[in-house]
Amino acid sequence: MGKTMLEVDHLKTKYITRFGENVFAVDGISLKIEEGKSLGIAGESGCGKSTLALSLMGYYFAPLHYQSGTIKVDGVDITGMKPDEIRKKILGNEIAYIPQAAMNALNPTQKIISFIEDVIRAHDPGASKKEIYDLARERFEILGLPESVLKKHAVELSGGMRQRTVIAISTILSPKVLIADEPSSALDVTSQKMVIKMLRNLMEKGFIKSMIFITHELPLLYNVTDEIMVMYAGQIVEHATAKEMVFDPLHPYSKGLMGSILVPEKGARDAKLTAIPGTPPNLKNPPKGCRFADRCRYAKPACMLHPIAESRLDDGRMYRCYLEEKELREVYQDE
Amino acid sequence: MKNQIRQIFHSPKFTVGFIIFAALLVLTVFYPLIVTNDPLEMVGQGNFFKPGTYISVSEAVNTNPYTLNLNASSSRLEQNLSMEERMAMADWLNQFAGLSSKEMDVTDAGELVSLWKDHYDSASEQKGLIAARKKYFSRLDKKITGLLEDRDVLLAEKNQETGEVSVKKTIPSTSYVNVKDVGSRRVFILGTDNFGRDVLTELVAAIKTSLKIGFIAGLIATTIGLSLGLVAGYLGGVIDDFILFITNLFTVIPSFILLILISYSIGKNARGVMMVAIIIGLTSWTWTTRSVRSQVISLRNRDHVNLSKLSGHSLFRIILTDILPYIASYVVMALILQISSGILAEAQLSMIGLGPATTTVSTLGLMMNWAMSYSAHLNGDWWAYFPVIISIALISFSLNLMNTGLDQIFNPQLRE
Amino acid sequence: MGYKKYYTNKIIWYLITLVIAVVLNFILPRLMPGDPVSAIAARAVDGMTDSTAIQAVYEDYAEKFGVNLPMSTQFLIFIKNALRGDFGVSFSQYPRTVGNIIASSVWWTVCLQLPAILLGWILGNVLGAVSAYKKGIFDKGILPVFLFMSNVPAFGMATVLLYVFSLKLGLAPSSGGYGFDLIPSASITFFRSVLAHYQLPFWSVVLITVGGQAIGMRSMSIYELNADYVKYSRFMGIKDRKIVGYVFRNAMLPQITGLAMSIGTMIGGALVAEIIFSYPGLGTTLLAAVKGRDYPLISACTLIITIMVLLANLFVELIYGVIDPRIKAAQQD
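Residue numbers (this note's numbering), protein chains in the order written: chain A, 422 to 756; chain B, 18 to 433; chain C, 6 to 338.
To be clear, the hints were calculated from the coordinates, so they are not data collected in a lab. Do not rely on the hints blindly, as some may be mistaken.
[Said to hold, decoys possible] Label pairs and their computed distance ranges (CB to CB): (1) C:Y12 <-> B:K285: 41 to 51 angstroms; (2) B:T32 <-> C:V28: 43 to 53 angstroms; (3) B:L44 <-> C:I82: 51 to 61 angstroms; (4) A:R439 <-> B:L252: 38 to 48 angstroms.
[Unchecked claim] Covered stretches of chain B (chain C as the covering partner; in silico rule of three or more C-beta atoms under 8 angstroms from a C-beta of chain C): (5) 264-275; (6) 360-369; (7) 384-396; (8) 412-423.
In this text, a Cβ means the ideal position worked out from N, Cα and C, and glycines have one as well.
Using the sequences provided together with the hints, build the complete structure.
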């Protein structure tokens, strides 16, 4: 077993609205990633997965606030650190981030190399221009990006090139954890494949020690990550290996999510194309019982009564449903 | 629509702007109903009478006097000793009586005069003073003595037949009149201007004319801007290139310069209020064209427009039903700004002498122009021009507030 | 190479604009009905009493304009004379030439307005940026005050400053460009006098410029503060102070084009403000020309102001091309 790179225990963070209401977009989430492993997080938009990405970095600014729980990076709890300490020691250095719509994440009027200088000097103020340039050039070469990109402004690059540049910059300090928030959505299929290949390459070369990959397309994760968590309304509803999740989803929501997208993978192809009806609950005032109950085809009256606890199978697979594994398999069989 | 209007009035900025603007409008409508004098009537003989109540002197001496036991001399001193004279007195006292300037307070005339009376002696040597200056001080001393004395004033009457002058009435210094007893009086709240016109009445009429100029200029500019913007944005291609070229051209060539050239060229006789408004409108459409054009470009490939095209609707109908409603808010905002800049343009044009050539109405710019021509600003006759400036600023401020309020409603990104 | 194309395009465009502006300057006064020269000359004579002067003006005019020549030839003569800086003889200040009058007033205007507009622009941008970022007193107190001031016309601000600082407090002279008892020279006394007379006209332009620029900068900054790159830079561990630097640089760039666009409007207002102080610049000259019905002088004033504005615009756009990489990128497409 490898070293644990990131361990999150019952993390709760909230948005405070203009009217002072608390919205728990991350509501008691635990996860663990070992060195060399990757974890996928899937869910509809608005389920809190992007907020989870921001929360994992331990760097909060309004309207997002920390509530409770711990985040350990390589064994060190960062939740008690001062913001400036996190900024200097953790961000970009230990945990790196690839934002949603990464193609817009670069300052349009700054040269790429100048931004890389800013990133590196934020952690190592003494780094010389030459050191930085050499490092950047070497890394870009390994990742298959032309050196000329360094001297250009973001506006001079194509969308796909910008995307890959952002990934290269995010990982330039060889972080222990890379959090990629929908890095490949909004791209065409070729660019998508390129991004995923690049992330794999980074893992293989050891430039990143572990990775969290967030997406709304659950089936996409099969090729990319070792494990998958499905998130719904701020909570994890199922956690399994990628293979189990794609071919044998247990939670009704995971099943719906798998079925809602047609993918050219064998096995998944037979699944019916069914969107999940309804919308996620309002997190200002989440339902008392199962949060998915009012959209669930298999819901029973009892589902609505009490919060649902996590259940674990013998192999460590986790799911959050009122029904037993056996019952679930039975209802799926009946269809 | 109703909902939108309610939303607009929820914006405090729009509401404040609207209230100020509406108040000005109400003033121009109701003031003439109360004060029916001709706004351009030349009442005063002379320039720039101070604001205040003017009562007839001959009536005042003929009304029943009231005797009040008040010491009038101190207020007479305050009123009649100018600051310059007081400074001269303090100077003299400092130089020749050895009083330190700390002991003297030039703002207290009574105190200063009593020091003066104690120390001044016209016969003293006054070393270093030229003769003219010595005389000045002795005249000043006489004036002060006169002011301190409570002498009666004799009113004389000339006999029509004999030509003899005889005392008709003696007015003691303790005699007062009640202003209410004097029938002939006129209140000039803001004084009079260089022609002796009542500034307030003239100002209200001027605000009305200037608003009219702003509205006409704004409507013309918005109509031109809207049409060009719609055509350029919707049709695209060569027509767009051409219109954009013309628009860029007139954005760079200062509209103020065009305004001067055109106004001068058409000559004084043709330059009425209406004509000035039209010229201003004709030179200020570029901003509207730009913003309408870019809005239309972003609209023209939207689904509902494409649907309309596929359904074979006419160009006119598409523009009317699928484009105009979406840019209406921008057009209204542009109109508001045009009105405000139109009023300013008239004022600036009038200031350099190219405003409406008319003697029948006044505009804010013409009032300003006359006040400056007669050096009101150098003589401190503030009432002749400050109210004009405040009016322009209030109109412009209220319109801009309304515009910002609308902008925040229709461009949510600007909201905090 | 992208730059070269950009520069060439800009310069050609401004040359075309200049030509059209000159044509307008030539043609607009000639659009009025009747024989233009006799109408112009008749007006000129209207204010004059000296008969030799009238005669001289008439002759000068007939020669300059080539009264009976076709319009196109007249235009060529106009251009030829204008290129030599020869705009004829002034009606109202006979026998001074128009070129001479313009030459003595143009620098007063340039030296007054250029620094004033620039300072107003800089202060406005700083205030806008600070009120977007720091909020509080800047956003709720200082900015609204300047916004209200920006609604006061330039000449209005000029009279207010004149009343307060010159008439009431006696801190500054009230009119002219230098003391009336001085002759322009390179002495310290003269320089001091110029500086003292400079204050009120200068600040009246600055004060009304700040508000409009600040509100534009504020909304640009708010827009940029919400941009994706701000969030990304934060999560890459870059200090907030550095990120604010990015934001303000980016917000400032559109403000530069904004300056180019509004320079014409600003100069119009500031010219009128000169009149209040009888400042010896183009504004006061223009007023005198209008009052004296001095057509050649008006024409030359408007032409020189147009050229000044075009030059300022061209300059701003060329600078903008260098500092905003987006321009370069756009040229490569």
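Going through the hints against the structure:
1. For Y12 of chain C paired with K285 of chain B, a C-beta distance near 45 angstroms keeps the hint of 41 to 51 angstroms intact.
2. For the pair T32 of chain B and V28 of chain C, the supplied restraint of 43 to 53 angstroms holds, since their beta-carbon distance comes to about 48 angstroms.
3. Here the CB-CB span from L44 of chain B to I82 of chain C is close to 54 angstroms, well matched to the stated 51 to 61 angstroms.
4. Hint check: R439 of chain A to L252 of chain B, Cβ distance near 44 angstroms, so the stated range 38 to 48 angstroms holds.
5. Residues of the stretch 264-275 of chain B with a Cβ under 8 angstroms from some Cβ of chain C number 10, which satisfies the need for three, so the listed coverage holds.
6. With a threshold of 8 angstroms between beta carbons, the proposed coverage of the stretch 360-369 of chain B by chain C holds, since 5 of its residues qualify and at least three are required.
7. Proximity of the stretch 384-396 of chain B to chain C, defined as three or more residues with a beta carbon under 8 angstroms from a beta carbon of that chain, is established by the 4 residues found.
8. Three residues within the 8 angstroms Cβ limit are the bar, and the stretch 412-423 of chain B against chain C gives 4, so the coverage statement holds.
Going through the hint list in order, the structure satisfies each hint without exception.
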